[in-house]
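Visitor: Sequence:
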Amino acid sequence: MKKIFIFLLLIFLNPLLNAQRLEFDAEWIKAGRLRMGALQFSYGANSSGDERIIEYELNIGNISLDIFSLNEKTIPGIGVTLNLVNIKNMLDNNYLSLFNFQVYWDIFALFGFGFYGLEPMFGPFVSINYAPNFDFNKYILCAGVRYILTYDGLVKNDALSFECCYKLFEGKNYIYFGFTFDLITVIPAIFQIIFRA
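Just so you know, we're using our numbering here: the sequence shown kicks off at 46 and counts up by one.
These aren't lab readings, by the way, just hints derived from the structure by calculation. Heads up, a few of these hints could be off.
Using C-beta positions, here's what the derived DEER-type ranges look like [what the hints assert, rightly or not]: (1) 188 - 240: 40 to 46 Å; (2) 186 - 81: 21 to 27 Å; (3) 95 - 238: 36 to 42 Å; (4) 88 - 188: 16 to 22 Å; (5) 190 - 239: 30 to 36 Å; (6) 239 - 186: 38 to 44 Å; (7) 137 - 169: 29 to 35 Å; (8) 233 - 97: 32 to 38 Å; (9) 101 - 239: 19 to 25 Å; (10) 237 - 165: 17 to 23 Å; (11) 96 - 233: 35 to 41 Å; (12) 235 - 186: 32 to 38 Å.
We put the CB at the ideal spot given by N, CA and C, even for glycine.
Using the sequences plus the hints, can you model the full thing?
Guide: Structural data, given as structure tokens:
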């Protein structure tokens, strides 16, 4: 498990350390290769046989980087996400994890969809929450598909997403369905819609 964690960490850090290749400036951020989210809330349900478990979580500080889109010869939309803090309630327990990574592929990046500052993303992903509650013998592994609607504000972020995935936790298999929204982006937009109506 530690080898997987180190591998994902190296994938994320490699382009960041190679600043000359990335040309990390305002134009690079504007191009959408970097997405950030400050506060994201998720709600969903895990299913395992006849067992149904509600789960909710709070993600603080998401940074997504399309690392394989930097060279036009590579397939666009492949990247990684680093989540700085993940607080999860599952199986009637609270879990805190500081080691959270995702690898994803946005298939829609092949076609360049986008409208009114909103850009849809869809594709497969693999994620890991390593060492929940600092127990380095535990991890939460997910693999599935996700639909994301990103909002292009000052910095692009994942405003709303829906996902379906396979989840492995403490040796037990689950199927998970859930949604996530960015509190800082979505709640002000809802108030704006209400007061304009």
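Visitor: Do the beta carbons of residue 237 and residue 165 sit within 17 to 23 Å of each other?
Guide: 21 Å, holds
Visitor: Are residue 188 and residue 240 spaced within 40 to 46 Å by their CB atoms?
Guide: With Cβ atoms ~41 Å apart, the hint holds.
Visitor: Starting from the range 38 to 44 Å, see whether the pair residue 239 and residue 186 falls in it by beta-carbon distance.
Guide: Since residue 239 and residue 186 have Cβ atoms about 40 Å apart, the given range 38 to 44 Å holds.
Visitor: So does residue 233 sit 32 to 38 Å from residue 97, Cβ to Cβ?
Guide: For residue 233 and residue 97 the Cβ distance comes to about 33 Å; the hint holds.
Visitor: Between residue 190 and residue 239, is the Cβ distance one that fits in 30 to 36 Å?
Guide: For residue 190 and residue 239 the Cβ distance comes to about 32 Å; the hint holds.
Visitor: Please test the hint of 19 to 25 Å on the beta carbon pair from residue 101 and residue 239.
Guide: 24 Å, holds
Visitor: Confirm or reject the claim that residue 186 and residue 81 have a C-beta distance inside 21 to 27 Å.
Guide: Since the Cβ atoms of residue 186 and residue 81 sit about 24 Å apart, the hinted range of 21 to 27 Å holds.
Visitor: Between residue 96 and residue 233, is the Cβ distance one that fits in 35 to 41 Å?
Guide: 37 Å, holds
Visitor: Go ahead and decide if the range 16 to 22 Å is satisfied by the Cβ distance of residue 88 to residue 188.
Guide: Cβ of residue 88 to Cβ of residue 188: about 20 Å, so the range 16 to 22 Å holds.
Visitor: Taking the beta carbons of residue 235 and residue 186, is their distance inside 32 to 38 Å?
Guide: 33 Å, holds
Visitor: Just tell me: holds or violated, for the beta carbon distance of residue 137 and residue 169 against 29 to 35 Å?
Guide: 30 Å, holds
Visitor: Take the C-beta atom of residue 95 and the C-beta atom of residue 238, compute their distance, and say whether it sits inside 36 to 42 Å.
Guide: This hint holds: roughly 40 Å between Cβ atoms.
The structure is consistent with each of the numbered hints, conforming to all of them.
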